[in-house]
Each structure stands twice: as C-alpha cells, then as structure tokens.
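Colleague: Sequence:
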Amino acid sequence: MEMTKEFAELIGIMYGDGCLSSRHNKNVVYISGHKHLDFDYHNKTTRNLFLNVFGKNTTIKERKDENTLFIKFSDKSIFDNFRTIGMPVGKKENKLSIPSKIKDNPYLTCYFLRGLADTDGCVVFSKQHKKYRY
Numbered sequence: 019m020e021m022t023k024e025f026a027e028l029i030g031i032m033y034g035d036g037c038l039s040s041r042h043n044k045n046v047v048y049i050s051g052h053k054h055l056d057f058d059y060h061n062k063t064t065r066n067l068f069l070n071v072f073g074k075n076t077t078i079k080e081r082k083d084e085n086t087l088f089i090k091f092s093d094k095s096i097f098d099n100f101r102t103i104g105m106p107v108g109k110k111e112n113k114l115s116i117p118s119k120i121k122d123n124p125y126l127t128c129y130f131l132r133g134l135a136d137t138d139g140c141v142v143f144s145k146q147h148k149k150y151r152y
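Counting in my numbering, the sequence shown runs from 19 upward without gaps.
Careful: at least some of the hints might be erroneous.
[To be verified] Listed below are the simulated SDA-like cross-link pairs for lysine to any residue, each with C-alpha atoms no more than 20 Å apart in a straight line:
id, residue 1, residue 2
1, Lys74, Met21
2, Lys90, Tyr125
3, Lys110, Val46
4, Lys110, Cys37
5, Lys44, Lys121
6, Lys53, Lys94
7, Lys62, Gly139
8, Lys44, Asp138
9, Lys23, Asp136
10, Lys74, Glu24
11, Lys94, Met19
12, Lys23, Tyr125
13, Lys121, Leu134
14, Lys74, Arg101
15, Lys53, Lys121
16, Lys23, Arg65
17, Lys44, Ser92
18, Lys82, Asp56
19, Lys94, Lys121
20, Lys90, Lys110
21, Lys109, Val46
22, Lys109, Thr127
23, Lys94, Thr77
24, Lys113, Asp56
25, Lys44, Lys119
26, Lys113, Tyr125
27, Lys74, Gly139
The set of hints was computed from the structure by calculation and includes no laboratory data.
All values derive from a computational prediction rather than experimental measurement.
Between the sequences and the hints, there should be enough to build the whole structure, so can you do that?
Modeller: Listed below in structure tokens is the structure:
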C-alpha cells in the first residue's frame, strides 16, 4: 500500500490509541479514547481517515459503565496493512518503531507525529527554579 499523509497520520493514531488483536481467526482493529474528551476527534478525524485511506466506514461505540469510546472492526486487509508496516499484534509496549517509509520522509513524519500527538501527546510547562546554595 502506498504511504500517504493520511495513512501516516492514521498509523500515528494507531500507535497512540489503537491496537491489533487476533483471536479465534478474527483480526480486529481497535481504537479507544475518552468518551467526552476524544469523541469529536475520533468522530471527525479518525473515522474520515479510515474512510479516505481504506474506504472503511466505521462507527463509534461507548462503554456504558466507563468513560470510554471505541472504534472496533474486523477487516483482514486493513489489519494486514498495519502488520506490514510493523504494528504488533497485542501489547505494543517496547515493540513500536517508526516505519522507515515515514522516518525517511520529513513530510510524512509530520503527519505521523500529528496522529501520535493527538492521541498520546501532552505538553508540560515548568518554571525554572533557582538553586540557592547554603
């Protein structure tokens, strides 16, 4: 599959809030977020990216007992595309690396980082404290 800016951004989103799962011969693509804080983003951005990149219309569902929303579907072709770029099945911890097609292209890197920062990024401001020696 061609690496486009939309696909690079979607990979960033998957690296941040997504995962791949394979059970009982079902290959599942899953993205989760906060029910209130992330709804607009996933409803507008994530859903549109899946539609534009893969032609896949997705729906957002909510967990009633938690403040969680999720997009979940089974699609072998989409699952395989994420596997091909190196996304692991199951836990992602210490298993992710930026695909070379993205890392070697500053234009695509910006879109990848946009997706990653939108889902897992934060900015912290801190004042520099003077040190007083006694």
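Colleague: Does Asp56 lie within 20 Å of Lys113 when you go C-alpha to C-alpha?
Modeller: violated (25 Å)
Colleague: Take the C-alpha atoms of Lys44 and Ser92, compute the straight-line distance between them, and say whether it is at most 20 Å.
Modeller: Since the Cα atoms of Lys44 and Ser92 sit roughly 7 Å apart, the hinted pair holds (cutoff 20 Å).
Colleague: Regarding the pair Lys23 and Tyr125, is the alpha-carbon distance no greater than 20 Å?
Modeller: Cα-Cα ~8 Å, so holds.
Colleague: Compare the distance between the alpha carbons of Lys23 and Arg65 with 20 Å, and conclude whether the hinted pair is satisfied.
Modeller: holds (15 Å)
Colleague: Keeping to a limit of 20 Å between CA atoms, is the pair of Lys109 and Val46 held or broken?
Modeller: OK: Lys109 and Val46 at ~13 Å, within 20 Å.
Colleague: Do the alpha carbons of Lys82 and Asp56 lie within 20 Å of each other, as the hint requires?
Modeller: holds (16 Å)
Colleague: Below or equal to 20 Å on CA atoms is what counts here, so check Lys94 against Thr77.
Modeller: holds (18 Å)
Colleague: Against the 20 Å threshold, does the CA-CA distance of Lys53 and Lys121 hold or violate the hint?
Modeller: Outside the cut-off at roughly 32 Å; violated.
Colleague: What's the verdict on Lys121 and Leu134, does the C-alpha distance respect the 20 Å limit or exceed it?
Modeller: With a Cα-Cα distance of about 14 Å, the restraint between Lys121 and Leu134 holds, given a limit of 20 Å.
Colleague: Under the criterion that the straight-line Cα-Cα distance not exceed 20 Å, is the pair Lys62, Gly139 satisfied?
Modeller: holds (18 Å)
Colleague: Would you check the hint for Lys44 and Lys121, treating anything up to 20 Å between C-alpha atoms as holding?
Modeller: violated (31 Å)
Colleague: Going straight from one Cα to the other, do Lys74 and Gly139 come out at no more than 20 Å?
Modeller: violated (26 Å)
In summary, the numbered hints that this structure violates are 2, 5, 6, 8, 15, 19, 22, 24, 25, 26 and 27.
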